[in-house]
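Note that the protein sequences, when read in sequence, are chains A and B. Note that the working numbering has the first sequence beginning at 1, numbered continuously upward. Note that the working numbering has the second sequence beginning at 1, numbered continuously upward.
Mixed in with the good hints there might be a few duds.
[Unchecked claim] Under 7 Å between C-beta atoms, here's a sample of chain A residues computed to sit facing chain B:
{"#": "1", "residue": "Thr106"}
{"#": "2", "residue": "Gln152"}
{"#": "3", "residue": "Met446"}
{"#": "4", "residue": "Ala552"}
{"#": "5", "residue": "Asn553"}
It is worth saying that the hints were derived from the structure and are not from the lab. Every residue, glycine too, gets a C-beta built ideally from N, C-alpha and C.
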Amino acid sequence: MTIIHNRPLDDIAETAPTIAGNAFTRAFSGGSLWRLIGMLVLILILGFLTIYPLAMLLYGSLHSTPPGMAGEFNLNGYRSIMTTQNLIVLANTIGISLAKTIPSLTIAVFLAWIVARTDTPFRGTLEVLITLPFFIPPILTAMAWGMLANPQVGVINMVWRWLTGGTDPLVNIYSYGGVIWHMCQYSIPFLFLFMVDAFRAMDPSLEESSRMCGASRWTTFRKITLLLMLPVLTSSFMLSFIKGIETFESALFFGLPAGIKVITTDIYESINHRATPDYQYATSLSFAIMGLMFLLVIWQWWMLRGKSFQTVTGKGFRPSVMELGPWRWVTFAFCVLFFFVTVVLPIGQLMLGSFFRFFGFYTYDMLTLEHYRSVFANSEFWRAVRNTMMLGLLGATATMALGAIVAYISVRTRWRGRNLIDSMAWLPWMMPGMVLGVGFLWAFAMLPGPIPIYGTIWALLLAYIALGTPVSVRVMTGAYHQLSYDLEECSRVHGASWFQTMWRIMVALAWPAFAVGWVLTFFGIMRELSASILLYSVGSETLAVVLMKLWANGNAEQVSVIGLMMMLLVIVFRWVQLSFIKARISKL
Amino acid sequence: MTTNTSMTSAIQKASAIQKWSRRVFMAAAGSLAISAAAGLPALAQDAEWQKVIDAGKKEGSLVLYTALVGQPSTKQIAEAFTKQYGISVEVLEARASEIRERVRVEQAAGRFAADVMFTSEGQTMLYDKEDKSVDPLPVTPNSQKIGDKFKLKVPMASVMTIPYGIMINTGLVKPADEPKSWKDIADPKWQGKILSDDPRAIGAGYLWFFSTHDKIGEDYLRKVASQKLVFTRDQRESQRRTARGEYSIYMPVIMTDFSDLKGLPVKFIIPEEGVPYVLYGTVMLKKAPHPNAAKLYLDFMQGPVVQKIYASLGYGPVLPGMTEGLPADVKAISEAKLYGTTDTTRQNEMLAKSKDIFK
Numbered sequence: 001m002t003i004i005h006n007r008p009l010d011d012i013a014e015t016a017p018t019i020a021g022n023a024f025t026r027a028f029s030g031g032s033l034w035r036l037i038g039m040l041v042l043i044l045i046l047g048f049l050t051i052y053p054l055a056m057l058l059y060g061s062l063h064s065t066p067p068g069m070a071g072e073f074n075l076n077g078y079r080s081i082m083t084t085q086n087l088i089v090l091a092n093t094i095g096i097s098l099a100k101t102i103p104s105l106t107i108a109v110f111l112a113w114i115v116a117r118t119d120t121p122f123r124g125t126l127e128v129l130i131t132l133p134f135f136i137p138p139i140l141t142a143m144a145w146g147m148l149a150n151p152q153v154g155v156i157n158m159v160w161r162w163l164t165g166g167t168d169p170l171v172n173i174y175s176y177g178g179v180i181w182h183m184c185q186y187s188i189p190f191l192f193l194f195m196v197d198a199f200r201a202m203d204p205s206l207e208e209s210s211r212m213c214g215a216s217r218w219t220t221f222r223k224i225t226l227l228l229m230l231p232v233l234t235s236s237f238m239l240s241f242i243k244g245i246e247t248f249e250s251a252l253f254f255g256l257p258a259g260i261k262v263i264t265t266d267i268y269e270s271i272n273h274r275a276t277p278d279y280q281y282a283t284s285l286s287f288a289i290m291g292l293m294f295l296l297v298i299w300q301w302w303m304l305r306g307k308s309f310q311t312v313t314g315k316g317f318r319p320s321v322m323e324l325g326p327w328r329w330v331t332f333a334f335c336v337l338f339f340f341v342t343v344v345l346p347i348g349q350l351m352l353g354s355f356f357r358f359f360g361f362y363t364y365d366m367l368t369l370e371h372y373r374s375v376f377a378n379s380e381f382w383r384a385v386r387n388t389m390m391l392g393l394l395g396a397t398a399t400m401a402l403g404a405i406v407a408y409i410s411v412r413t414r415w416r417g418r419n420l421i422d423s424m425a426w427l428p429w430m431m432p433g434m435v436l437g438v439g440f441l442w443a444f445a446m447l448p449g450p451i452p453i454y455g456t457i458w459a460l461l462l463a464y465i466a467l468g469t470p471v472s473v474r475v476m477t478g479a480y481h482q483l484s485y486d487l488e489e490c491s492r493v494h495g496a497s498w499f500q501t502m503w504r505i506m507v508a509l510a511w512p513a514f515a516v517g518w519v520l521t522f523f524g525i526m527r528e529l530s531a532s533i534l535l536y537s538v539g540s541e542t543l544a545v546v547l548m549k550l551w552a553n554g555n556a557e558q559v560s561v562i563g564l565m566m567m568l569l570v571i572v573f574r575w576v577q578l579s580f581i582k583a584r585i586s587k588l
Numbered sequence: 001m002t003t004n005t006s007m008t009s010a011i012q013k014a015s016a017i018q019k020w021s022r023r024v025f026m027a028a029a030g031s032l033a034i035s036a037a038a039g040l041p042a043l044a045q046d047a048e049w050q051k052v053i054d055a056g057k058k059e060g061s062l063v064l065y066t067a068l069v070g071q072p073s074t075k076q077i078a079e080a081f082t083k084q085y086g087i088s089v090e091v092l093e094a095r096a097s098e099i100r101e102r103v104r105v106e107q108a109a110g111r112f113a114a115d116v117m118f119t120s121e122g123q124t125m126l127y128d129k130e131d132k133s134v135d136p137l138p139v140t141p142n143s144q145k146i147g148d149k150f151k152l153k154v155p156m157a158s159v160m161t162i163p164y165g166i167m168i169n170t171g172l173v174k175p176a177d178e179p180k181s182w183k184d185i186a187d188p189k190w191q192g193k194i195l196s197d198d199p200r201a202i203g204a205g206y207l208w209f210f211s212t213h214d215k216i217g218e219d220y221l222r223k224v225a226s227q228k229l230v231f232t233r234d235q236r237e238s239q240r241r242t243a244r245g246e247y248s249i250y251m252p253v254i255m256t257d258f259s260d261l262k263g264l265p266v267k268f269i270i271p272e273e274g275v276p277y278v279l280y281g282t283v284m285l286k287k288a289p290h291p292n293a294a295k296l297y298l299d300f301m302q303g304p305v306v307q308k309i310y311a312s313l314g315y316g317p318v319l320p321g322m323t324e325g326l327p328a329d330v331k332a333i334s335e336a337k338l339y340g341t342t343d344t345t346r347q348n349e350m351l352a353k354s355k356d357i358f359k
């Protein structure tokens with residue numbers, strides 16, 4: 001009963017009356033020639049951002065030498081990846097990614113439901129707090145967990161030994177479990193952020209009907225809530241699973257000592273730790289993985305095809321919460337526990353450590369503010385902050401605008417080419433960051449001389465937009481799937497222009513999702529290193545580059561200071577954003 | 001703050017050295033007869049060099065790419081260079097493979113952005129042989145004065161060596177038990193207690209593997225492999241992990257890091273056999289936009305100002321006599337006997353061997 005079959009979408013897009021106006025309005029408002037041109041422009045933009053760098057990489061995978069060097073076309077790259085060893089590593093990688101995605105998704109759904117749909121106390125504060133680890137550079141949380149959970153002198157194990165009097169460690173972060181746990185630190189908050197507004201925007205009437213028909217809370221949650229969330233859930237699953245295949249810090253940091261190999265460490269090694277970087281091998285392997293990933297996208301299309309998931313309709317959009325009674329303290333306890341384990345433990349370490357000369361040596365004579373002073377006195381740091389802020393604000397806004405347009409066309413219209421742009425927008429997500437970074441380098445540097453992108457800050461901006469597009473499109477797709485067509489039609493029937501409709505209905509109602517996507521993209525830009533290091537030029541250093549330099553020089557404490565400042569910024573952003581959402585919802 | 005004081009002293013040194021190098025030139029001019037007999041008219045050379053200086057100053061700026069990431073000394077040296085010649089230095093830092101690909105692609109696309117690069121001997125060989133992205137070395141006044149073993153076949157003007165040794169946790173290792181040599185690492189008492197940089201990938205661990213393989217032999221390495229080493233690829237974090245007591249030994253450690261870890265329960269040991277090392281130097285890139293400034297920089301890096309800066313940090317200078325007056329601990333590291341380094345031409349073979357021994 002939950003999956004209602006779609007009414008013909010063609011009605012909306014194809015038969016919309018042609019409206020007079022400027023060319024730009026017409027481009028998106030029905031005139032088929034202008035629409036065609038609009039689509040073409042969009043395809044060109046996406047093509048430049050995604051297909052072009054990938055084409056350079058494809059060339060790299062099929063050519064014996066990277067672009068710009070004499071060589072020949074051959075399939076040696078693809079031949080060299082066909083080894084049993086690689087197959088084992090691939091199976092291992094998929095296993096690790098599944099092992100982190102499934103629990104992460106489960107926990108994230110539960111948390112999103114608690115925060116958005118129940119009357120759990122302090123859920124507003126919890127919503128901001130439980131997502132904090134996502135915004136911290138992975139290397140910092142890795143270090144913190146290394147200190148907390150190493151088998152020899154990890155804090156957790158010391159406490160455990162003291163409590164039990166035993167000698168065996170309780171946890172060992174340098175293991176499969178450790179790798180997965182560290183990945184979960186990022187995927188749970190990411191998925192939570194990605195889904196929470198979908199939960200919030202859901203019309204509760206369907207759930208209420210289910211309850212009235214005698215279904216239990218659990219059945220309602222399973223059969224109504226979860227099913228309605230299918231587009232968001234499948235998108236989440238795929239984003240998280242694919243990212244899991246590509247994640248690399250956790251495996252390098254915690255997996256290497258335990259002999260755990262994943263695809264990305266192999267790629268990393270082929271670029272960074274061989275006599276000559278083997279780009280043909282690295283790119284071939286990446287394309288092979290990409291091929292596999294695309295099967296997932298097709299699976300999602302197939303699953304969502306011809307179904308509708310509209311929960312935000314013209315009537316009764318009243319976000320209500322479920323009253324849990326005494327159970328609300330259980331959900332509250334769960335959130336607090338989660339907050340304690342994933343935030344207080346690692347970030348507490350970073351915070352504490354930033355006031356001492358060395359992490360882990362907490363004696364009175366080691367107390368210092370030196371790390372804060374050094375960071376504040378570092379002119380390069382401030383320059384990087386300015387650059388990163390500029391790139392973040394511009395980049396996140398542009399990415400979300402692009403994502404919103406792509407999502408709108410692919411979800412709400414029947415225009416020819418909509419599947420093409422949707423899949424183009426997926427592409428950057430499927431290429432491991434360090435390989436895609438090389439793709440951008442090749443693409444931008446090889447542009448004809450007069451096009452001044454390489455070596456300027458614009459190269460970074462374009463790369464960031466490309467890298468952020470998959471998330472922005474997914475976030476907006478999820479939101480648009482939920483909006484009923486009645487709303488749009490109603491607006492048009494009442495004489496609103498296409499742009500007015502777009503603004504009042506599609507933008508205003510999808511605004512919370514837009515804002516979440518914006519924050520995700522903004523902080524994605526703040527953290528991005530693989531492409532930045534290959535594209536930055538003197539004077540356009542980004543924060544990630546500065547962090548990398550400090551880390552490489554052993555200034556872990558200063559890196560933490562910056563990490564904590566980034567976190568503070570997140571709290572401010574999220575607080576502003578959530579207050580806005582609340583204000584808006586109460587207005588509605 | 002500390003940087004400032006060392007800066008001022010470096011600048012003072014710089015002007016002192018200016019006088020000093022002028023004196024050397026006078027001396028060189030004095031021995032004109034000898035040089036002339038050898039067919040090298042020193043005065044003419046001097047005048048030639050003056051032309052380079054004038055042209056370099058006219059160029060006004062220099063773009064440096066460096067693979068030595070995050071070192072405060074880079075900035076310190078750049079400032080001293082600017083002070084001496086009035087040429088500003090723009091620095092771009094990235095890891096070796098990244099910077100190499102950037103240079104290669106830039107040149108392939110006809111974007112000649114960088115003038116000089118600070119990198120290792122092994123990388124230079126690749127730049128030269130495979131990418132063909134470097135120019136032959138110019139002869140500069142200082143290039144004649146460096147130690148003979150640092151005059152290379154590859155077009156790199158040697159600047160300094162990075163020494164690698166052994167680090168122990170003094171809380172876990174009693175003074176009597178301290179390993180004194182690379183051979184001591186094979187002692188079974190260290191089983192499971194050694195954190196090691198991964199020898200199966202290019203890096204410090206591989207450097208140790210390469211030099212001990214050639215000097216001690218494969219049996220030794222197999223013995224070490226049975227010690228159940230724990231591998232890592234993060235130099236600095238590994239030092240901290242050892243300091244916090246996760247492991248008794250970390251090896252091979254960048255010896256020059258000792259000053260950053262003062263106050264922690266660790267000790268840096270120079271092995272009896274000597275220190276495996278990486279030789280760093282400056283190369284001149286093809287079609288450098290500021291070729292004369294680049295030549296001046298190459299020369300400056302081999303001159304006493306920079307050589308003293310590196311020696312004072314514990315790196316091995318290539319110019320003799322630079323370690324005088326240094327504190328004893330720094331001096332010992334800076335003067336440590338050089339044990340061995342890697343050979344790029346044998347890299348694939350040796351990586352395969354390492355993967356075989358350290359499965």
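Does the closest beta carbon of chain B sit nearer than 7 Å to the beta carbon of threonine 106 of chain A? At about 32 Å, which exceeds the 7 Å cut-off, the nearest Cβ of chain B leaves the hint on threonine 106 of chain A violated.
Chain B contact restraint on asparagine 553 of chain A - CB to CB distance below 7 Å: 3 Å, holds
Status of the methionine 446 of chain A interface restraint (C-beta, 7 Å, chain B): 5 Å, holds
Verify the interface restraint on alanine 552 of chain A: the C-beta must sit less than 7 Å from at least one C-beta of chain B. 4 Å, holds
Satisfaction of the glutamine 152 of chain A interface hint, Cβ to chain B closer than 7 Å: Cβ of glutamine 152 of chain A sits 5 Å from chain B, so the hint holds.
Going down the numbered hints, you'll see the structure goes against just number 1.
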